[in-house]
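A.B. asks: Sequence:
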Amino acid sequence: MRTTTFSTRALPSGTVICLSPHLERVIPVGDDVRRRAAPAATYTLIAGNVAAFAYSLARGFEYVVSSYGFKPAYLLEGVKLETLLTSLFLHGGFAHLAGNMLFLYIFGRSVEDRLGPLPYFLLYLASGVAGCLAPPGGRPPFAPALVAGGGGAPPHGPPGPGV
Numbered sequence: 051m052r053t054t055t056f057s058t059r060a061l062p063s064g065t066v067i068c069l070s071p072h073l074e075r076v077i078p079v080g081d082d083v084r085r086r087a088a089p090a091a092t093y094t095l096i097a098g099n100v101a102a103f104a105y106s107l108a109r110g111f112e113y114v115v116s117s118y119g120f121k122p123a124y125l126l127e128g129v130k131l132e133t134l135l136t137s138l139f140l141h142g143g144f145a146h147l148a149g150n151m152l153f154l155y156i157f158g159r160s161v162e163d164r165l166g167p168l169p170y171f172l173l174y175l176a177s178g179v180a181g182c183l184a185p186p187g188g189r190p191p192f193a194p195a196l197v198a199g200g201g202g203a204p205p206h207g208p209p210g211p212g213v
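Per this note's numbering, the sequence shown runs over residues 51 to 213.
Treat the hints loosely; a few may be bogus.
Computed beta-carbon distance windows for the label pairs [stated by the list, open to error]:
no. : residue 1 : residue 2 : range
1   : Ala180    : Val100    : 19 to 29 Å
2   : Tyr113    : Arg164    : 19 to 29 Å
3   : Ala97     : Glu132    : 13 to 23 Å
4   : Ala176    : Ala97     : 19 to 29 Å
5   : Leu125    : Ala88     : 18 to 28 Å
Since the hints were made in silico from the structure, they are not lab data. Every residue, glycine too, gets a C-beta built ideally from N, C-alpha and C.
Let the sequences and hints guide you as you build the complete structure.
C.D. replies: As structure tokens, this is what we get:
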């Protein structure tokens, strides 16, 4: 899969079309990959992320982060280990959610088509858990990992094989 910015020339098959007003930010807007099946797992993951975000708006951001965000200290204490998974669906705002879901939609569909729905779904979860377990990189070790630690990994983990 190749990436290009908008162009008037014909594009080779498998090209990701991007809008790039500045070189430091690339926003994918689509691809031309033909898929064998509807990407049910990708759509389910997007729906789950949107539902979790709606829940955080209804319930209150602080409550949701404190209840469902992952803290590395949980591993040491052996408590709330489910937050390794629940934190993967938390986002810090609408732009954060929209950006992650855009990448997941554009790249995830092709990866799911290649791997199949179940392996793709498991890769999504494994990428997120790996992100939670990675060194915090500037985050205090006992602060909740909203998405910087784990949740940011899933939309970027599965697309990796497709790029």
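A.B. asks: Each hint: holds or not?
C.D. replies: Hint check:
For the pair Ala180 and Val100, the beta carbons lie near 23 Å from each other, so the given range of 19 to 29 Å is met. The hinted range of 19 to 29 Å is not satisfied by Tyr113 and Arg164, whose Cβ atoms lie roughly 39 Å apart. For the pair Ala97 and Glu132, the beta carbons lie near 20 Å from each other, so the given range of 13 to 23 Å is met. The supplied range of 19 to 29 Å is met by Ala176 and Ala97, whose beta-carbon atoms lie about 20 Å from each other.
Taking the beta carbon of each, Leu125 and Ala88 are about 37 Å apart, not inside 18 to 28 Å as hinted.
Comparing the model with each earlier hint shows violations of hints 2 and 5; every other hint is respected.
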